[in-house]
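Engineer: Below, each chain spelled out in residue letters.
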Amino acid sequence: MNEGIAGRLAKQFINSKITPLLMLAALLVGIMATFMTPREEEPQIVVPMVDIYIPYPGATAAEVQERVAKPVERSVTEIKGVDYVYSTSMPDFALVTVRYKVGESAEESMVKLWATLMKYMDKMPPGAQMPLIKKVSIDDVPVLNLTFWSKDKSPYELRRIAVSVADQLKQTQNIGDVEIKGGLKRQIRVQLDKGKLMRFNITPLQIARQIQSTNSQMTSGDFKDFNENIVVKSGKFLQSKEDVGNIVVGIYGVAPVTLKDVATITDGPEEVNNYAAFGWGAASGEKDKSDYPAVTLTVAKKQGTDATALADKVLEKVDGMKGSVIPADVTVTETRNYGETASEKVFTLLEHLIMAVVAVTIVVGFFLGWRGALVVFMSVPITFALTLLVYFLLDYTLNRVTLFALIFVTGIVVDDSIIIAENIHRHFAMKRQPRLQAAITAISEVGNPTILATFTVIAAVLPMVFVSGLMGPYMSPMPIGASMAMIFSLLVALIATPWLSFRLLKSDEGNHEEYDIKKTGYYKMFDKVLTPFIDSTFKTWLAFGVVGLMLAGAIAMVPLKMVEMKMLPFDNKNEFQVIIDLPEGTALERTAQVAKEISGYLKTVPEVQSSQYYVGVNAPINFNGLVRHYYLRRGDNMADIQVNLVHKGDRSAQSHDIAKRVRSGVQQIANRYGANAKIVEIPPGPPVLSTIVAEIYGPDEASRVALAKEVKKAFASTPGVVDVDWMVEADQKVYDLVINKERAAFRGVTPEQIAHTLRMSLAGVDVGIVHLPDELEPVTIQLRLPKADRTSLKDLSNIFVQSQGMNSLTTRLRPGQQIPLSELVTIKEKIQDKSLFRKDLKDVVYVTADVAGVTESPVYAMLELDKKIEAIKTPGGYKVSPLYTAPPKTGDKPALKWDGEWQITFEVFRDLGTAFAVVLVIIYMLIIGWFQSFKTPLIMMISIPLSLVGIIPGHFIHHAFFTATSMIGMIALAGIMVRNAVLLIDFIQIRRDDGIGLKQAVIESAAVRTRPIILTSGAVVIGSVVMLFDPIFQGLAISLIWGGVLSTILTLVVVPLVYYLSEKKGEKKRLENMKSA
Amino acid sequence: MKGMNTRTIALLFLMLPALLGACGGHKKEQTPSSSTTATAPAIAAKVATVTESVDGSGRKMLLVPASSILRKAGTDQVFVVGPDSTVSLRWVSTGHTLGASTIVLSGLAQGEQVVESPSAELREGARITIDTHTQDRAKEAQHQ
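Residue numbers (the numbering used here), protein chains in the order written: chain A, 1 to 1077; chain B, 10001 to 10144.
One chain only, chain A, in its complex shape:
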C-alpha cells in the first residue's frame, strides 16, 4: 500500500524517542503561553478614530461650519484610508471626527492627518485657532474605577486625596491614563466687589493686567566679579493667597490700593461646576441608602497589557495608602474592575474548554473504549497548547473571542485523532499484521482523506477573516484560531496519536468472529430504511419532497418572524449607564436633582449594588462612550449615572433584562422634569452611535429638522422603539449684548474691552497660577464676580469699563473714567445657535433610538417604521423612502438613511454571505480535485442546505436570535457536513470498485460510515453544548448542535439516495465494463 505523507510521518515518529518529548514540550509551551498572554475581556478593537477640535471664537455655528468644518472635512477626505468624516459645528468651535478603515495603522494615520491639516492651515479664516488633534482608542476606556466617598469630607477634600493617590499610582508599570472625575479643584478665587471697584476707580481689566505682570520671575543675566559669575534674578512668583492680596492694583489719591481692598480673596475650592455622588443599592446589604459626595479615580491601561495584573497592582497600592494618604473616614469602593471580569471570563472559558474536551472524550469512549478515549483526550491539550502559543506570538490577547475560537473547534479538532485512533483500533482488532505494521497501514489508509477533510473545514472557516468593518478584527481570531488549531490537530493526529495509540490501544483478546457487515445493527437499520426508497422511485421523490418541505418550512420561519435576525445579542454584564439630558439652559442643581432622583430609584432595584451619579461632568466612559463621544459630555444640563449590578453569579436576571425592566421607571422620573434619559448598556460587539440611527438629509436645515421631527414622532409611536432622541438642541435663551459702537467710541472704550470685561465678570478668567511646587494640580488664580452678584441682567449692566482717554479715538475725555456698561450696550434676547452636523460632506440631522421589549432587533423596527415614514408629507410634497445601504446621491430632496447597528449588521452579513459563497466554491474545487468528477461534489454539497432544517427551528426552540455567530456556525457546519458526505461517497466508490452492486454499495457504506460520522458529528455537538449558556455565542452553539444533528441524520439518508439516483442509469453499463475488464 502506498504510504503517502501521512504514513511516512507516522513511521518516523511512531517509535521515536523524540515524540513524547515533543508532546511534553508543546504542553509546557502552551501552559507558559496561557500565563504570559495578556488577559482581557473584550478583544482589542482598533477603531482608528481621531478627533480634531478647532476653536473659532466668536463665530456662529453656521459660520464655523462654513469657514472651518467644511474645509477641514474636504481636506481630510482626500487622505487614503479614511472611511467616514463627521463634523459638529457649534458656536465658537468645530469638532471634526475622522474614522479610518479598520486595520489602518494608527501612527501612520496620525502623520497623514497632521500633514494634510497643516497643508490647509493657510486657508483657515483669521481668528480660527490651531487645531487640537486627539487620537481616540479603546485604551482610553478605564479598566479600573475607584470611587472615593465620605460622609464628612467635601468634594474638595476628596479630590485632593484622590489626586495624591493618582500621583503615586502613576508610577505603576503599564498604567495608562489616570484621571479624576468629579470633585472641586483648589483655586485662588478673586471675587471682585463692584462697589469698591467703583469707589477706587479700578476696573477688572486693570486688575488682570496687574496680577499677570506681578506674577513673573526670570533670570536677568549675570556679571563677573573676581573670577566669579554672579547670576541675577528678578521678580518673584505669587505663592499664596496673601501674595495675591497684596498686589497693588491702583493708586487712589496718594495711597496704593491692594487687591484685597477691592476683592474678597479665598484659597479653597473652585466654584461648583459638578456634583458627583455615590450610594449603595438594594443588593449591597448596606442599610445606609444616602448619597455621599464622591470623586472617581479612573485607571486606563497601556495597549496590549494585562488588565488583571494592572488592576491587582493598583488595588494593592491603594490598600497600602489607606490610613496614610487616604484618611480613615474616606471609603474607597471599586466601581469598575475590568481586570477582575476579564480574569473571570477567561477562567470560565478555560473551564468550559475543559468541559467540552471531557464531554467529547466521553462520547469517544462510548465507541472506542476508555483507551481510545484516552488517546483522544491526550491529543487535544497538545493541539490547544500550540494554538495558545500562536495567539501569544501573534500578539492576540486571551479574551472572549480567542477562547471561543478554541471551544468552537474542540469538536472538530478531535476528529482527526478520532479517525486515526479508530482505524488503528480496527486494524489491531483484525490482527492481520503485527502491531507496528498494522498501525502504519491504518494511518496510511485514512491519512490522506483526513488531510483533505481538514483542509475542507479550514476552507470553510478561513474566509471569515475577510469580514470588513468594525466587526472584522472582532471576529478574526475565530477563523485564525480555528484554522491554526485544525492544522495542529492534523499534525498531532499524524505524529502524537499513532505514538499514543501504539502504546495505549490493546488488541482485542478472546475469540473473534468473522467480520460480516450484514450482521451489524447499522446495516440492518439502513437496509430497512433505505431499501424501500431505493426500490421505488415514487417513494424516493416523496422523501425528497418531505425533506424539501421541511427545508422550505424552516426557511419560512424567518419571514414569519418566528426566528428573528440580530447582529449580536446583549451579554450579561455587571453594569449599565443612564445618560440624562435636560433641555439646554437647565441649571446644574436642577440636573442634579433629576439625577439624584433617578439614582435613588435605581438603588431600590433588587440587583443594584451601587450607583454613582455625575452631574456636569461625564461618568467614566465605557466602550460605547468612545464612539458616542460621551467623554465630551460636560454641561450644566447633562448627567450620567453609572449603575453597578451585583455579580452575575449572584442574580438570576440578565443585565439586559434588568435594563429593560428599569427603563420605564427611569423615564417616568425623567419625563416629570422634561428630561431625556437613556439606558446605555455595554455593546456586545462594536459600538455604534445608537442601535437605530436615522440620518436625515435635505436641502436646508429647516427642512431637515422638520422631517426629523416627524420621524421622531414616528419613532415614539412605534412599540419596541425606546430611548428616542435627536441631536437637535432645545431652544436656549441667550442675551446678546449689542455694543453701540459709536457711543463706545465717543466714551473712549473699545468693543474688545467690553467683551473681555464681560467674560471676566461672568465666566471668570484664569489670570495665572500660584507657584506652589508641592501642589499636584495647578492652582489657578481666577478673577470673577461673586455668584450672588451675577444673577440678572441688571447685575451685568452695572459693570464698569474704563475710558482709554487719549489712547483711544476720543480726545475730549480724560482717561480712567468709569463708564457703566449699561450706557454702551443694548440687550437683545435671542435663541442660541444650535449645533450643526455633517457626515461625509453632507449636512445631516440624526434621530436616534434603541430597541427593547416587543422587538429586540432593529431591522424589524425599521421595517415597521418604513411604512410610517413613507406616509410623512414633506414640505416639497416628496415621499421619503428610507435608504438602507448608501446615503442619497443628491442633497436637494429630503431623504433618510438608516444607520447604527443596521450598518454593521448589513456589512457583516454581506461579508459573511460572500465568505460563504467563496467557501462553497473552494469546497467544490477541493472535492473535484479529489474525486475528479464534476457531479459528485454537487451531491456532497446537498447536505449544506439541509443544515438549515436544523438551524432555524433550533433557534426557534431556544427563543434565540439568528446572529452573526449563528452564521459562523452555519459556515463551519458546511465544512463538517461536506466532509461527512466525502467519507460516505468515498466508501461507496471503493465498494463499487470492488465489484459490488450499486444498491448494496450504498447501503453498506451508509452502515460502515455511520460510526465515524456520528462520532465526529457527536463530538461537534457535545463540544458545543457548553457554549449554549453564553448569550453571545449561543447562536453558534445552536447552529452547530441542531444543524449538526439534523443534517447528519438527513445526510445519511438523502446523500446515498441522491447518489443512487444519479448513478442508476450508468450502473448496468459500468458493471458490464467491469466484467469485461
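No wet-lab data here; the hints were simulated from the structure. Take the hints with a grain of salt, since some may be wrong.
Unchecked claim - Restricting the straight-line Cα-Cα distance to at most 25 Å, the calculated cross-link-like pairs of lysine to any residue (SDA-like) are:
#1 K10060/B <-> E271/A
#2 K123/A <-> E78/A
#3 K287/A <-> A10066/B
#4 K733/A <-> D92/A
#5 K287/A <-> I10043/B
#6 K260/A <-> G10125/B
#7 K10072/B <-> E597/A
#8 K787/A <-> A10066/B
#9 K322/A <-> K10072/B
#10 K794/A <-> L10070/B
#11 K289/A <-> T264/A
#12 K787/A <-> T331/A
#13 K713/A <-> D725/A
#14 K10072/B <-> K828/A
#15 K787/A <-> P10041/B
#16 K10072/B <-> T331/A
#17 K287/A <-> Q10077/B
#18 K787/A <-> L10070/B
#19 K151/A <-> G10058/B
#20 K151/A <-> L10098/B
#21 K10072/B <-> D92/A
#22 K10060/B <-> K241/A
#23 K830/A <-> T10049/B
#24 K828/A <-> A10100/B
#25 K10072/B <-> A788/A
#26 K241/A <-> K828/A
#27 K287/A <-> G10125/B
#28 K10072/B <-> G764/A
#29 K196/A <-> L10098/B
#30 K260/A <-> V765/A
#31 K241/A <-> G10125/B
As the list claims (entries may be wrong) - Footprint (simulated), chain A over chain B, 3 or more residues, beta carbon under 8 Å:
#32 10042-10054
#33 10067-10075
#34 10098-10106
#35 10120-10126
Claimed, not checked - Simulated coverage check for chain A against chain B, where a stretch passes if three residues somewhere in it have a Cβ under 8 Å from a Cβ of chain B:
#36 266-276
#37 888-899
We put the beta carbon where it would ideally sit given N, CA and C, even for glycine.
Mind docking chain B on chain A? Use the hints.
Structural biologist: Just chain B, lined up with the frame of chain A:
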C-alpha cells in the same frame, strides 16, 4: 458491533439532558432581597417653605431661611421634605443672604419645604415630624 444499541441509547441519554437543559435559558429561583427600609423613629424638625419674593427693582427671587443651608467647602445643600415626610438632601446654588433669609438661585422650587436648622443626626431618607411651632414661623415668614 454487539452492544451498539445500549451504547447508542446511553449516548442519547447523555445528550438529551444537555440539549433540553439548554432550551429556553436557565431560570433559577430568585432570592428575594430583604427590604432594609427600617422604620426608624421620626425626628422632630422645624420646616420652612420656599417663598418667592420680589426685590426693589421688581426682580423675582426664591428665599429660604439661612439656617436651612448646610455649607460644606464650596457646596451647599438643604434637606427637602418629601411627600411622605421623609427628607432628602438637595444641592442648591445660593446667592446673597438678606437678614435671616438666603436667596436660592437654583435647585429649589417655590412651595417646596425645607428643614430649618437641621440637627446633626438628620440623615437622608429619615422621617420627620413637623412641630407646630415651626408651622407658625413658616406662616410668619410668608406674611413678611
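Engineer: Can the segment 888-899 of chain A be counted as covered by chain B under the rule of three residues or more with Cβ-Cβ separation shorter than 8 Å?
Structural biologist: violated (count 0)
Engineer: Is it true that the CA of K260/A sits at most 25 Å from the CA of G10125/B?
Structural biologist: 43 Å, violated
Engineer: Below or equal to 25 Å on CA atoms is what counts here, so check K787/A against A10066/B.
Structural biologist: The given pair, whose Cα atoms are some 16 Å apart, holds under the 25 Å limit.
Engineer: For the segment 10098-10106 of chain B, count the residues whose Cβ lies under 8 Å from any Cβ of chain A; is that count three or more?
Structural biologist: It holds: at least three residues are needed, and the segment 10098-10106 of chain B offers 3 whose Cβ sits within less than 8 Å of chain A.
Engineer: Quickly compare the C-alpha distance for K151/A and G10058/B to 25 Å and report which way the hint goes.
Structural biologist: 41 Å, violated
Engineer: Run the distance test for K10060/B versus E271/A: straight-line Cα separation, threshold 25 Å.
Structural biologist: Between K10060/B and E271/A the Cα gap is close to 24 Å, so the pair holds against 25 Å.
Engineer: Below or equal to 25 Å on CA atoms is what counts here, so check K787/A against L10070/B.
Structural biologist: 17 Å, holds
Engineer: Next pair to validate is K322/A with K10072/B; report whether the Cα-Cα distance is within 25 Å.
Structural biologist: 24 Å, holds
Engineer: Given the proposed pairing of K10072/B with K828/A, does the C-alpha separation stay at or below 25 Å?
Structural biologist: This hinted pair is violated, its Cα atoms lying about 38 Å apart.
Engineer: Has the given pair, K287/A with I10043/B, been kept, meaning a C-alpha gap of at most 25 Å?
Structural biologist: 18 Å, holds
Engineer: Check the hint pairing K828/A with A10100/B against an upper bound of 25 Å on the C-alpha distance.
Structural biologist: 36 Å, violated
Engineer: K787/A and P10041/B: Cα distance at most 25 Å?
Structural biologist: Answer violated: K787/A to P10041/B is near 39 Å, above 25 Å.
Checked against the numbered hints above, the structure breaks hints 3, 6, 10, 11, 12, 14, 15, 19, 20, 21, 22, 23, 24, 26, 31, 32, 37 and satisfies the rest.
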